[in-house]
Amino acid sequence: MNDRIDPHRLDALAPQASEVEAPPKPGTTKTAKPAKTQVGYVGQSVPRANAKRLLQGRGAYTDDLKFPRLAHVVFFRSPHAHARLKKLDLSRAARQPGVIAAFDGRAIADYCTPWVAVLGHLKGIKSPPQYAVAIDRACWQGEAVAAIVAETRAQAEDALGHVVAEWEELPVVTDMEDALANRTVIHPELGDNICFARSFETEGFDAAMKKADLVVEETYGFGRHTGVTMESRVILADYNAAEHSLTVYHATQAPHMMQDIFSRHLNIPEANVRVICKDVGGSFGIKVHVYPDEMATAALSVMLRRPVKFVADRLESFLTDIHAREHKATVRLACMKDGTIVGFDLDDLTAIGPYSVYPRTSGIEGNQVVNLTGGPYAHKAYRAKMNVVFTNKNVTCQYRAVGHPIAVALTEAIVDLAAQKLGMDPAEFRRKNLIADDAYPYSFPSGLKFEKLSHHQCLDKLLALMDYTGLRAEQAALRKQGIHRGIGLAAMIEVTNPSPAFYGVGGARISAQDGATVRLEPTGMVTCLVSVTEQGQGTEGVFTQVCADAVGVSIDKVRVITGDTGVTPYGGGTWASRGAGIGGEAVLQAGKALRANILDIAAAVLQVDRATLDVRANSVVDKASGEERLPLAEVGRIGYFRPDTLPMKFQAELTVTRHYTPREYGFTFTNGIQASYVEVDTDTGFVKLLRHWCVEDCGTVINPLLVDEQIRGGIVQGIGAAMLEECLYSAEGQLLNGSLADYLVPMTGDTPDIEIAHVSTPTRQSELGAKGVGEAGTAGAPGAVMNAINDALAPFDARVRVQPFTPERILKALGKI
Amino acid sequence: MKPSAFAYARPRALEEAFALLDKHGENAKLLAGGQSLLASLNMRLAAPEILVDIGAIPGLDGIAVRGQTLVIGARTTHRAIERSEAVAKHAPLLAQAAPHIAHVAIRNAGTLGGSLAMADPAAEWPACCVALQATIVVTSKKGERRVAATDFFKDLYTTALGAGELITAVEIPCVEKGERHAFLELVRRRGDYAIVGLAARARLKGKTLSGVQLVYLGVGVTPVQAKGAMAALEGKTADDAAIRAAQDAIARDLEPNADIYTSAEAKRHLARVLVARAVAALVG
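First to last, the protein sequences are chains A and B.
The first sequence begins at 1 in this note's numbering and counts up by one.
The second sequence begins at 818 in this note's numbering and counts up by one.
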C-alpha cells in the first residue's frame, strides 16, 4: 500500500462537483434527480481553498501589512549570557536619522507589567518576574535590554550601533548538571536553580522490580533544538488613544489567549483589545507563547500612540524563539525471561533557560516525559523523578510534540535493548507487551486514562506495510556484503484534544473549549467563523468540509473565517493537536443546528412536517424521494427579506453558535507506531535514511491528504531532531550556530520516502470522532531512527544514545575515533 | 537583517572599476554573484562604503579552449561550469565538483572568481584549482599577472590578491590522456560546505599512479595538498599497501581544525577514509 500522493494530481483528488451535490449552473434548469446516498466531504482529500491563494502569492502575512505612520522596532540584545548592565546610554542612538524613540526596560515597564510563569497544578514550580525588556540584568545571550523605534527597520538597525552599554559579566550556568548542583544560583531570590521537580512511584514498585529476571538501564541525551518556522515571529500593534483600544496583528496560534494577556499586562479593557491573526507561515508551538519583545512592541504602540511592528529576523529567531528538548535521562526497564515487562524507572533532567515561559510554563515538557514514558505498554510498576532547572541559555517551552519525542525515544530504545538482551525480535517483544486492544478504558500507571487505543492493529498493519520479514531477510543478506542496515520501531501514544486539565485547572487563562458560528447567507452560502486558527496546516479546509457536510451544502458554498477575536467565538486556538478534534466538533454541532433551523423555515414555508425534509446539495429536499423542495437561496431570501411571509411569532434563526469542550478524559489519547530503515556507513559514521513508515490512529480522518502531510511534516521535524538539529552553546553561553547556514534543518532531498497508513478508532467523546494528529510524526520519528541506527550498529557491539546522531558520535560509538 | 547603507557603482569597463577601487581603497567591495557578500552585508558582518558591481564589464565570463589550456572567465557562474561541455571534456574534475556547490539557485548566481577571491577553505573551486595546477589571472591598472593556484591561497579568507586587483580568469591545463580525476565530499546535507572534501588527480598507466595530486578542502585554513600521501602513491601500484601508506601519511599531512560539529580527530579519520575512496575512484 502506498499512500503517497502526486501533488500534480490534487485536482483529481477533489470530489467531482458532478458527483457531490453539484449546484445548478446559472441559467440551467435543475431537474429533480432520484435520491442517492449522499457523498460526504469528511474522509475525502479535498484540496483546501487557501492553498491556491497562497501559491499565487496572494497571502497576507502580518509583515505584508502597511499602515500610515507605521514605526519599526528593533531590540538591543545582550551579547552576554549573564551580565549586569552597569550603564546604558541610548541618547546617541535616539538622535540617529529616522529614530522616533529609544527606551530601556524601566520606561517600558511603566506600560507593561511583568509576569511570572507558574501554574497551580505543577506543584512547587517557580520562576522570577520577567519584564518585556530586561531591567539591569540580562540572563541569556539575546535577551533584549533596550528598544529602538524608527521610521524604517534599516534606520533602527543603524541606530543600534550607537547604543552604549557597559556590562559586568556574571557567573554563567550552561550545563544542566551544574545547574542542578546549585553551585551558582541564577536567581538568588528563588533559593536554587530548580524551577520544578516531580517524583512519582506506583505502590509496591521496589518489590515488583526485584522480582524481575532482567533489568536494563541506559542514559540518553537529547539536544536542545528549535522550531524554525518559515515565517518568523511578527507582530504589528496599533494603539488608538481616542478609544483606548489596541488592535494587534499577530502571527499567533492563540488569539484569545493573547487578547487576555495584552489586556491584563497593558491595562486595557479586554473588549478594547482585538487580536487579528492573518496568514501564518508555520508555528509548531513557537507562536503560542508570550515573547517579551512582542509584549514590548504592544507597549511601544501605546507609548508612542502609533502602529509599531516587530519582525524577528532569522538571527533573532535562533536567539529568542523558544528552544526545546534539552534532556538527559536515565531509564531502567525490568522484565521477565519470557519478555513480559514489569516496570519502568525514569530519572529525567531538563534545562529551560533562565525563565519559565509565560503563560504555559516550561514545566510541561518534563511533566509530559514523566506522564508518557512507557506509555504503550501493559506494565504496572513505574517510578519517575524529574528536575527542571534554570540555565543561562535561551528559554525553552512547548514545541511540537512536547515531551513525546523524549518519552518515546527513551521507552523504545530501552525496549529494544531489553529485547536484544533476551534474544527476542523487537516486533515480537512489543507484541507481547503492548496494551491489548480490548483492554479499554485503561488506567496507565502514571495516572493517565486511555479511552480506546489500537496498538496491536497498528503493529500488525505496520509490519505488513513495511514487509518486516522481507526487510529482516534483506538486512541479513546485505550484512554479509558489509552493508549495514538497521530497522527501528517506535510505538507511541500522544496527547490530543486536551480538556481543561492541561492548563485551565492550573489557573492559566487559556480556553480548552472552542466555538463555531455558522450563518446562512441570503444567497444560500454559508459563513463559518471558528476560534481555532489556521497556521498554514489546512485547518480552515478541514472546517470547510465538516461545515459543508453538517449543513448539507456543497463545499464551494462555505467560507471559513478564523483568527480574529473581534468576530469569531471565544476559544483556545491551535496547539496540543486540538484544532480539528475540538474546533471541528464545534463546527459540526453549529452546522447541524443551522441545518435544523433551515428545516424549521422550510417546513413553515412549505407547510409540511419538518421531519419529512432534509438539506442536501444546497437545497431543502423531500427526505424520502430526494426531490428538491426549496433551494437554500430561497430559504435565505425569505428568512432575511420576506420574514413577513412566515407565520406570526416565527423568527428565522439563520446564525447559530455552538461550543465544544472535551470533558470525559483529561486527554483524548491517540496511538501509532513508526518504523525507520537506515544504512550506516561504518567508515564515515554517516547515516542514510532509506525509508520511513507510520501507522497512526487519529480516529476519524477528516482529510486524508492533510492528515498524511501533517504526519510527514512531523516526521521530518523528528528526523531533524534525531539527525541534525541542535542549538549549540559554548561554555560561556554563546549560541554557536544561530543561522540557517550552521543550524541544520532537514532538506527535502535528504528526506526518505514516508509511507503512511491508518487505523481508525473514533473517539466516542465527540460526534465527529476526530482525535489530533499534528504531533504524531514528531513524537515517534526520533525513537524509530535511533533504534534503526542501533540495530545497524549491533554487529559492532556499538550503540548511540545522544541525539542528534552526528557522524562524530557514530564514529565514537564504533571506536573509530 | 538590513545592510547598512552603501553606495553602488556598476562600471562598464575594467579601467572604471580600477579607478573606483583606487578611490575607495578598503572601503570598496567587488560584487560579482553576491553568493557570500550579500549575506555578510545583511548580517552586518561587512559594511563597505561602496559596492563595485563588475556585472556589466565585458569579457569577464565565458569558457574557451586556447591550445592546451581551458580558460574560464572569472565571472562565469558555477552553473555554467557545471553545464559546459568544454569543462566536462577538458577539466572533468570541475564538472564532478560543481554539483557539490550549494544548490542550483545559488550556483546560478555564484561565480568562479568570487569563490576563489573569497577563499573559503571548505569551498570546492580553490581545492580543484590547486589540484589541477591552475593559474589565476589577476588584473589591475598596472596590467595582468599570473599566480599559480598553489601560491594563491595564503590564509583563512586571504589570497595573493593585492589592493586594486581582481581576478579576471582562470587558466587550467587541459586534461591529458590517461589522466583520472575524483572529487569526493562528505556533507551532512547535500549542498552544505564540506566537512572534508578531496580533489584528486593522477595519471594511470596500467595500475601505476603518477602525477598524483590530493588536495583537501575543509581541513585547514586553505586548500591543503596532502604531500606525504601524494608521495606515498607516486609511482606506486594502487594496491592495499599503497593505500594504507597514503592513509598513514594523512595523519602527518593534515592538521585539521574542528568545526562546530566535527572534531579535528574525526576530520582526520574522514580524510583517511576519503583518500582510500579517491584511489579506488581513480583506478576504477
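The set of hints was computed from the structure by calculation and includes no laboratory data.
Even for Gly, the Cβ is constructed at its ideal location relative to N, Cα and C.
One or more hints might be untrue.
[Said to hold, decoys possible] Calculated pairs, EDC-like style, for lysine to aspartate or glutamate (alpha carbon to alpha carbon, straight line, at most 16 Å):
#1 A/812 to B/1082
#2 B/819 to A/653
#3 B/846 to B/870
[To be verified] Not everything, but these chain B residues come out facing chain A in the computed CB check (under 7 Å):
#4 818
#5 819
#6 831
#7 832
#8 913
#9 1004
#10 1006
#11 1007
#12 1074
#13 1077
#14 1078
#15 1083
Consistency of the hints with the structure:
1. A/812 to B/1082: holds (10 Å)
2. B/819 to A/653: violated (54 Å)
3. B/846 to B/870: holds (8 Å)
4. 818: holds (4 Å)
5. 819: holds (4 Å)
6. 831: With a minimum Cβ separation of about 32 Å from chain A (threshold 7 Å), the hint on residue 831 of chain B is violated.
7. 832: violated (33 Å)
8. 913: violated (18 Å)
9. 1004: violated (9 Å)
10. 1006: holds (5 Å)
11. 1007: At about 5 Å, which falls below the 7 Å cut-off, the nearest Cβ of chain A leaves the hint on residue 1007 of chain B intact, so it holds.
12. 1074: violated (14 Å)
13. 1077: Holds, about 5 Å.
14. 1078: Check passed: Cβ of residue 1078 of chain B comes within 6 Å of chain A, closer than 7 Å.
15. 1083: Given a least distance of 5 Å, the restraint on residue 1083 of chain B holds.
Hint violations for this structure: numbers 2, 6, 7, 8, 9 and 12, all remaining hints satisfied.
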